[in-house]
Amino acid sequence: MTTSEATDASTIAEIEETIARISSHNGVEGVMIMNRQGAIVKSTLVDKEQTKTQSAELTNLTAKASNIVAFLNPDDELKFLRIRSKQREILVSPEKEYILVVIQNPNESE
Amino acid sequence: MSTSEVTDPSTIAEMEETIARISSHKGVEGVMIMNRQGAMIKSTLEDKEQTTAQSAELSNLTAKASSVVALLNPDDELKFLRIRSKQREILVSPEKEYILVVIQNPNAVE
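In order, the protein sequences belong to chains A and B. Taking my numbering, the leading residue of the first sequence gets 1, the next gets one more, and so forth. Taking my numbering, the leading residue of the second sequence gets 1001, the next gets one more, and so forth.
One should not assume that every hint holds.
Said to hold, decoys possible - Capping the alpha-carbon separation at 20 Å, the derived lysine to aspartate or glutamate pairs in DMTMM-like fashion look like this:
id, chain 1, residue 1, chain 2, residue 2
1, A, Lys79, B, Glu1029
2, B, Lys1096, B, Asp1076
3, A, Lys96, A, Asp76
4, B, Lys1086, A, Glu77
5, A, Lys96, A, Asp75
6, B, Lys1086, A, Asp76
7, A, Lys86, B, Glu1095
8, A, Lys86, B, Glu1029
9, A, Lys86, B, Asp1076
10, A, Lys64, B, Glu1057
11, A, Lys64, A, Glu77
12, A, Lys79, A, Glu95
13, B, Lys1079, A, Glu57
14, A, Lys79, B, Asp1075
15, B, Lys1064, B, Glu1029
16, A, Lys64, A, Asp75
17, B, Lys1086, B, Asp1076
18, B, Lys1079, B, Glu1057
19, B, Lys1064, A, Glu57
20, B, Lys1086, A, Glu16
21, A, Lys86, B, Glu1077
22, B, Lys1086, A, Asp75
23, B, Lys1064, B, Glu1095
24, A, Lys64, A, Asp76
25, B, Lys1086, A, Glu95
26, B, Lys1086, B, Glu1016
27, B, Lys1079, A, Glu29
28, A, Lys86, A, Glu29
29, A, Lys86, B, Glu1097
Calculated directly from the structure, the hints in this document are not laboratory data.
Given these sequences and hints, build the entire structure.
See the structure below:
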C-alpha cells in the first residue's frame, strides 16, 4: 500500500470539495487530511516541512488522546480533539482511515 | 518540594469553591486539579487508582499539545484542550502551575 491510496476519482473529488468548503470559512488558516499513520494525503498549508512535522505530532497526539478515552472506558472512542492556544485553534477529527485537521484563527471566526 | 504544595488556606478555599461550582453543573462527572508534573492535588473522582493513572496520561497529553502549539508558533501557548469521545468530554485547562481537568457527559449537558 502506498501513501496515495485515494486514487478513486470520486474520493478525490469529495476530498477537494470538503477542503474547499472548510477553507472558505472565515479564519481558517489551513486544512490537512492525513491517514492514521501520519502521512499527509492533502494539505492546504504552504510550508511543506512544517506541515510534515505537524502532521506527525498531531497523529501522535491523536493516538494519545485515543488511549486516554479508551482508558476511561474501553467501549468509548475518540470523536474530536480541540486544541486552543492564544493565537489559533487546531481541530482534529479522527475517522476510521483518515484524520481531518483544521487550523483556524478563532478570533477571526467569532 | 512535596506534592502537597498548596498549604495556603485561602488557596485551598478557592480550590474547593471552584471544584464545587464546576461539579454542580449538570453532566459533570469529575473535576481534577493537578500540578504540571501530573501529581494529583484534588480530585472528585472516586476511583483513586484510575484517577492517578489518568492524571499522568493527561498531563503527558497536555505537554504534547503544548509542544504542537509551540511548534506552529514559538510565541503561542496552549490555552485549552477539549477531548470529545462518544460518551464523555474531557476539558483540560492548563495554567502556570496547575492543570484543571473536568470530565463531563456532554449528552447530559445539552
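Hints, verified against the model:
The hinted pair formed by Lys79 (chain A) and Glu1029 (chain B) meets the criterion: a straight-line CA distance of about 18 Å does not exceed 20 Å. Taking the CA atoms of Lys1096 (chain B) and Asp1076 (chain B), the gap is near 14 Å; set against the 20 Å cutoff, the hint holds. About 14 Å separates the Cα atoms of Lys96 (chain A) and Asp76 (chain A), which keeps this hinted pair within 20 Å; it holds. Restraint check for Lys1086 (chain B) and Glu77 (chain A): satisfied, since their Cα atoms lie roughly 6 Å apart, inside the 20 Å limit.
Restraint check for Lys96 (chain A) and Asp75 (chain A): satisfied, since their Cα atoms lie roughly 15 Å apart, inside the 20 Å limit. About 6 Å separates the Cα atoms of Lys1086 (chain B) and Asp76 (chain A), which keeps this hinted pair within 20 Å; it holds. Between Lys86 (chain A) and Glu1095 (chain B) the alpha-carbon distance is near 13 Å, which keeps this suggested pair within the 20 Å criterion. With a C-alpha separation of about 28 Å, the suggested pair Lys86 (chain A) and Glu1029 (chain B) falls outside the 20 Å cut-off, and the hint is violated.
At roughly 6 Å between alpha-carbon atoms, Lys86 (chain A) and Asp1076 (chain B) fall within 20 Å of each other, so this suggested pair holds. Of the pairs offered as hints, the one joining Lys64 (chain A) and Glu1057 (chain B) holds, with about 8 Å between alpha carbons and a cut-off of 20 Å not exceeded. Between Lys64 (chain A) and Glu77 (chain A) the alpha-carbon distance is near 12 Å, which keeps this suggested pair within the 20 Å criterion. At most 20 Å may separate the alpha-carbon atoms for a hinted pair to count; Lys79 (chain A) and Glu95 (chain A) meet this at roughly 8 Å.
Note on Lys1079 (chain B) and Glu57 (chain A): the hinted pairing holds, with a Cα-Cα distance of about 18 Å set against a maximum of 20 Å. Using a Cα cut-off of 20 Å, the hinted pair Lys79 (chain A) and Asp1075 (chain B) is violated, with the two alpha carbons roughly 29 Å apart. Restraint check: the Cα-Cα separation between Lys1064 (chain B) and Glu1029 (chain B) comes to about 25 Å, which exceeds 20 Å; the hinted pair is violated. With a C-alpha separation of about 16 Å, the suggested pair Lys64 (chain A) and Asp75 (chain A) falls inside the 20 Å cut-off, and the hint holds.
A hinted pair counts as satisfied when its Cα atoms are at most 20 Å apart, and Lys1086 (chain B) with Asp1076 (chain B) does not qualify at roughly 30 Å. For the given pair, Lys1079 (chain B) sits about 18 Å from Glu1057 (chain B) by alpha-carbon distance, which is consistent with the 20 Å threshold. As the CA atoms of Lys1064 (chain B) and Glu57 (chain A) are separated by approximately 8 Å, the hinted pair is consistent with the 20 Å bound. Restraint check for Lys1086 (chain B) and Glu16 (chain A): the C-alpha separation of about 28 Å exceeds 20 Å, so the hint is violated.
Note on Lys86 (chain A) and Glu1077 (chain B): the hinted pairing holds, with a Cα-Cα distance of about 6 Å set against a maximum of 20 Å. About 9 Å separates the Cα atoms of Lys1086 (chain B) and Asp75 (chain A), which keeps this hinted pair within 20 Å; it holds. Using a Cα cut-off of 20 Å, the hinted pair Lys1064 (chain B) and Glu1095 (chain B) holds, with the two alpha carbons roughly 15 Å apart. Distance hint between Lys64 (chain A) and Asp76 (chain A) is fulfilled; the C-alpha atoms sit about 14 Å from each other, no more than 20 Å.
Between Lys1086 (chain B) and Glu95 (chain A) the alpha-carbon distance is near 13 Å, which keeps this suggested pair within the 20 Å criterion. Distance check on the hinted pair: Lys1086 (chain B) and Glu1016 (chain B) sit about 29 Å apart at the alpha-carbon level, beyond 20 Å; violated. At most 20 Å may separate the alpha-carbon atoms for a hinted pair to count; Lys1079 (chain B) and Glu29 (chain A) meet this at roughly 18 Å. A distance of roughly 15 Å separates the Cα atoms of Lys86 (chain A) and Glu29 (chain A); the hinted pair therefore holds under the 20 Å criterion.
Restraint check for Lys86 (chain A) and Glu1097 (chain B): satisfied, since their Cα atoms lie roughly 18 Å apart, inside the 20 Å limit.
Hint compliance for this structure: hints 8, 14, 15, 17, 20, 26 are broken, all remaining hints hold.
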